[in-house]
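Could you build the full structure based on these sequences and the hints that come with them?
These are the residues of each chain, in order.
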Amino acid sequence: MNAPLRAAVLGTGVWGPGLTGWDAACRMLRDPDPAVPPEPELPQAPMLPATERRRATPSTRLALAVAAEAVGAAGLEAATLPAVFATSAGNPEIVNAMCVSMAERDYAVSPTRFHNSVHNAASGYFGIGASSRRPVTSLAGGDAGAGVGLLEALVQVATDREPVLLVCVDVGYPFPLSEVRPMVGQWAVALVLAPPERGPGRTRLAASLTAEPRPNPLLGHPALEAACAANPSARMLPLLMRLATGRDGPVWLPAGVAGHLHVDVGSSA
Amino acid sequence: MSPDRIAPLAVTARTVTTAVGRGADALLRALRERRGGLRPCGFDAYEGCHFELPTWIGEVDALRRPVPEALARFDCRNNRLLEDALLQDGFAARVAEARERYGRSRIATILGTSTGGLLQAEAAYARRDAGGRLPADFLYMETLNASSTAVYAALRLGLDGPAWTVSTACSSGAKAFAAAERLIRAGLADAAVVGGCDSLCLTTLAGFGSLQLLSSQPCRPFDVARDGISIGEGAGLALLERVDAPGAAGGVRLLGYGESSDGHHMSSPHPSGLGAELAMRDALARAGLAPAEVDYLNLHGTATPANDQAEAQAVRRVFGETVDCSSTKAWFGHLLGAAGAVEALVCVLAIEAGLKPGTLNLDTPDPACAIRVLADNQDAPVAVAMSNSFGFGGSNCSVVFGAAS
Chain A
1 MNAPLRAAVL GTGVWGPGLT GWDAACRMLR DPDPAVPPEP ELPQAPMLPA TERRRATPST
61 RLALAVAAEA VGAAGLEAAT LPAVFATSAG NPEIVNAMCV SMAERDYAVS PTRFHNSVHN
121 AASGYFGIGA SSRRPVTSLA GGDAGAGVGL LEALVQVATD REPVLLVCVD VGYPFPLSEV
181 RPMVGQWAVA LVLAPPERGP GRTRLAASLT AEPRPNPLLG HPALEAACAA NPSARMLPLL
241 MRLATGRDGP VWLPAGVAGH LHVDVGSSA
Chain B
1 MSPDRIAPLA VTARTVTTAV GRGADALLRA LRERRGGLRP CGFDAYEGCH FELPTWIGEV
61 DALRRPVPEA LARFDCRNNR LLEDALLQDG FAARVAEARE RYGRSRIATI LGTSTGGLLQ
121 AEAAYARRDA GGRLPADFLY METLNASSTA VYAALRLGLD GPAWTVSTAC SSGAKAFAAA
181 ERLIRAGLAD AAVVGGCDSL CLTTLAGFGS LQLLSSQPCR PFDVARDGIS IGEGAGLALL
241 ERVDAPGAAG GVRLLGYGES SDGHHMSSPH PSGLGAELAM RDALARAGLA PAEVDYLNLH
301 GTATPANDQA EAQAVRRVFG ETVDCSSTKA WFGHLLGAAG AVEALVCVLA IEAGLKPGTL
361 NLDTPDPACA IRVLADNQDA PVAVAMSNSF GFGGSNCSVV FGAAS
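Taken in sequence, the protein lines are chains A and B.
Each residue of the first sequence is one higher than the last, beginning at 1 in our numbering.
Each residue of the second sequence is one higher than the last, beginning at 1 in our numbering.
Hints were generated in silico from the structure; no laboratory data involved.
A hint or two may mislead.
From the structure, some residues in chain B lie toward chain A, with a derived Cβ separation under 10 Å [stated by the list, open to error]:
1) Pro3
2) Ser105
3) Ala126
4) Arg128
5) Gly132
6) Thr149
7) Ala150
8) Asp160
9) Glu181
10) Leu202
11) His264
12) Gly393
13) Gly394
Below, a sample of chain A positions facing chain B; criterion: calculated Cβ distance under 10 Å [unchecked claim]:
14) Val100
15) Met102
16) Glu104
17) Asp106
18) Ser131
19) Gly145
20) Val148
21) Asp160
22) Tyr173
23) Glu179
24) Val180
25) Ala258
Listing some non-contacts, in silico: residues in chain A with all C-beta distances to chain B over 12 Å [to be verified]:
26) Ala24
27) Arg30
28) Ala35
29) Glu39
30) Pro43
31) Gln44
32) Arg53
33) Leu76
34) Arg198
35) Gly199
36) Gly201
37) Pro217
38) Asp248
39) Gly249
40) Trp252
Given the structure is predicted, the values throughout are model-derived calculations rather than measurements.
Backbone N, C-alpha and C define an ideal beta-carbon position, used for all residues, glycine too.
Following this line, the structure appears as structure tokens:
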């Protein structure tokens, strides 16, 4: 119905089991190692000063690590980029701790814990770490978070005609919320997307909305398939697989209540 | 680099619910009668938990009716408030008409919230079993997950277009307007339900208490004796369509928006309001307006010492001392994730009614905030009005509305 949203991929960042950085991700996605990848140690949050770095939560560390990797690969400065963060739960361990405190009528909460409880904590630390004055948003799309994040980032590229950073991050809750919101692994994915003319020779995306998604290409590894099914940010894996292997073609991501994003990935997209 | 001017969008339906009442008329009456809705904090959070704190809150009364049966899984305080709001001012009916016109997949639903259904989780944690497990009737995705706000509205209104929740703390409800405008401009939607809804919970009250940001009195924006915020709850909703849509002649337009970051601190504003200034300037640029063309500015005006002083400096750099400003937070409180939406609606109503609301509880203006903060209401035509919203994480957004020319 509408012309697709088009963008060039200038940089990619990723952190998850078996995919600790884009180089490792390329190896795994091109030639999957049949061993089950271990949950990696959390990366440092590269943009933050040392004091903040020590206190940073897992979700902030993952988000800033993949953001820095993608921005570095794009050869851009983080402070120049509008950014779209997508996460299902923000800092799940902080939400759990706050709920425990409230249930125990312990209302003297730590100020740091309270400001880390907001959904946009990771995006706030990104702004602080990068000393950015550019717009940064934080979206909640439930299981469709990565899709709505990608949609918002592509829309910003299309309307404001400049590069945009997308960061998707999802880590699981501790018990007891883990029982009602099971999640596989801790995953973060970042893309720097730009108007196609800003990325000659780069892989392109052409995205449109559809009500009829089709099956995604297989990832070649049961652990990655499991993550893709049970971690909203890992729903980016089929797209990353196409970027890593150069096997052009479509992927689908849920992007709302009923809609899906159909993304053609490749040099001709 | 300033952003390019954008085409205006028509606000074809709007509604607002806060502690001063349900619906736009209730808010306008309260503004005209100078009747605030704040009261001492004795919050019946859930059965067996009555929470008192030496501060004042803007609670919406009687959120006891569950959401409609078909969406019973989404029942929680935040969605009850949202449901109540959707029923005011014929809002849901106007959206249904738009759905007939455009088709359900062509209307986006972008709403802001900060804590959404968190109270539901707090109540569930209080009922954990001996093994620490949550009760079986606690439904995570439909209540606690922040997406619940937008998903509830989309399902309730029968909309299949792009739908998500913006959660950037106290700028959420303003940033929803920006995201929706972009979706329409990019051709992905013909209309959008936008705004925000946020409701009281223990975490918010206790957390702002721990930051020592709660006022001991009804909040007093820009007063020399201000000592913090009064927390409230509420919802503000608008339907945005292109200006050539049927029924969109006349009325109020969304003219522009500006978003920025402070890049400074998680919970303190930049001391001289650099990010706030950028948001206002970008909003003016998108609207194609000079500062002097703004008739009324609804300030973020939380009534913390730091916010009001930083915001005043930013406003002064953009507008000088000439623009009529006020903070309306002493009427209904700081609505957090809904603040940007409800105060956008205050601007829409200011234009519709020819009213510049003043600032309740402002007796002695702080000389350190040298801008023209109205204490009293002014009956005067308002052709252009801007709303400021700034949040934790240094997230800023300004939104500009104007009368249809």
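Hint check results:
Contact between Pro3 of chain B and chain A, as hinted, is supported at the beta carbon level, the nearest pair being about 7 Å apart and thus within 10 Å. Hint status for Ser105 of chain B: holds, given a least beta-carbon distance of 7 Å to chain A, under 10 Å. For Ala126 of chain B, the suggested interface contact is upheld, since its CB lies about 4 Å from the closest CB of chain A, less than 10 Å. Annotation: interface hint on Arg128 of chain B holds; nearest CB of chain A at approximately 6 Å, less than 10 Å.
Against a cut-off of 10 Å between C-beta atoms, the interface hint on Gly132 of chain B holds, since the closest Cβ of chain A lies about 5 Å away. Checking Thr149 of chain B against chain A: minimum C-beta separation of about 8 Å stays under 10 Å; hint holds. Interface hint status for Ala150 of chain B: upheld, as the beta-carbon distance to the closest one in chain A is roughly 8 Å, under 10 Å. A distance limit of 10 Å between C-beta atoms decides the matter here; for Asp160 of chain B the minimum to chain A is near 4 Å, and the interface restraint holds.
Among the interface hints, the one on Glu181 of chain B holds; its C-beta lies about 8 Å from the nearest C-beta in chain A, closer than the 10 Å criterion. Because the closest C-beta pair between Leu202 of chain B and chain A is about 4 Å apart, less than 10 Å, the hint holds. Taken as an interface hint, His264 of chain B checks out: its beta carbon lies about 7 Å from the nearest beta carbon of chain A, inside 10 Å. Restraint check, Gly393 of chain B versus chain A: the minimum CB separation of about 2 Å is within 10 Å; hint holds.
With 10 Å as the threshold, the beta carbon of Gly394 of chain B comes within range of chain A, its nearest partner Cβ sitting at about 5 Å, so the hint holds. Because the closest C-beta pair between Val100 of chain A and chain B is about 6 Å apart, less than 10 Å, the hint holds. For Met102 of chain A, the shortest C-beta to C-beta distance to chain B is roughly 4 Å, which falls under 10 Å, so the interface hint holds. At a threshold of 10 Å, the smallest CB-CB gap from Glu104 of chain A to chain B is about 9 Å, leaving the interface hint in force.
Hint on Asp106 of chain A holds. Least Cβ distance to chain B is approximately 9 Å, under the 10 Å limit. Taking 10 Å as the C-beta contact cut-off toward chain B, the hint placing Ser131 of chain A at the interface holds, the least distance being around 5 Å. Because the smallest distance between the Cβ of Gly145 of chain A and any Cβ of chain B comes to about 8 Å, under 10 Å, the interface hint for this residue holds. The interface hint given for Val148 of chain A is met, as the beta carbon of that residue sits about 4 Å from the closest beta carbon of chain B, less than 10 Å.
This hint holds: Asp160 of chain A has a C-beta 7 Å from the nearest C-beta of chain B, less than the 10 Å allowed. Below 10 Å, beta-carbon pairs count as interface contacts, and Tyr173 of chain A has one with chain B at about 9 Å; its hint therefore holds. For Glu179 of chain A, the interface hint holds, the least distance from its beta-carbon to any beta-carbon of chain B being 6 Å, beneath 10 Å. Interface restraint check: Val180 of chain A against chain B, minimum CB-CB distance 4 Å, threshold 10 Å, status holds.
The interface hint given for Ala258 of chain A is met, as the beta carbon of that residue sits about 4 Å from the closest beta carbon of chain B, less than 10 Å. Chain B leaves Ala24 of chain A outside its interface by the beta-carbon criterion, the shortest separation being 30 Å against a cut-off of 12 Å. Listed as a non-interface residue, Arg30 of chain A keeps its Cβ farther than 12 Å from every Cβ of chain B; the least gap is roughly 33 Å. The non-interface label for Ala35 of chain A is consistent with chain B: the shortest C-beta to C-beta separation is roughly 32 Å, beyond 12 Å.
The beta carbon of Glu39 of chain A is kept farther than 12 Å from every beta carbon of chain B, the shortest such distance being approximately 23 Å. Consistency note on Pro43 of chain A: stated as away from chain B, and its beta-carbon is indeed over 12 Å from all of that chain's, at 21 Å minimum. A cut-off of 12 Å between C-beta atoms confirms that Gln44 of chain A is not in contact with chain B; the least separation is 19 Å. At roughly 14 Å from the closest C-beta of chain B, the C-beta of Arg53 of chain A stays outside 12 Å, upholding its exclusion from the interface.
Non-interface call for Leu76 of chain A relative to chain B: holds, since the shortest CB-CB distance, roughly 15 Å, exceeds 12 Å. Under the 12 Å C-beta cut-off, the non-interface status given to Arg198 of chain A relative to chain B holds; the minimum distance is some 15 Å. With 12 Å as the threshold on Cβ separation, the claim that Gly199 of chain A sits away from chain B holds: the shortest Cβ distance comes to roughly 19 Å. Look at Gly201 of chain A: its CB is around 25 Å from the nearest CB on chain B, clear of 12 Å, so calling it non-interface holds up.
For Pro217 of chain A, the shortest C-beta to C-beta distance to chain B comes to about 24 Å, beyond the 12 Å cut-off, and the non-interface label holds. Under the 12 Å C-beta cut-off, the non-interface status given to Asp248 of chain A relative to chain B holds; the minimum distance is some 24 Å. A cut-off of 12 Å between C-beta atoms confirms that Gly249 of chain A is not in contact with chain B; the least separation is 23 Å. Listed as a non-interface residue, Trp252 of chain A keeps its Cβ farther than 12 Å from every Cβ of chain B; the least gap is roughly 15 Å.
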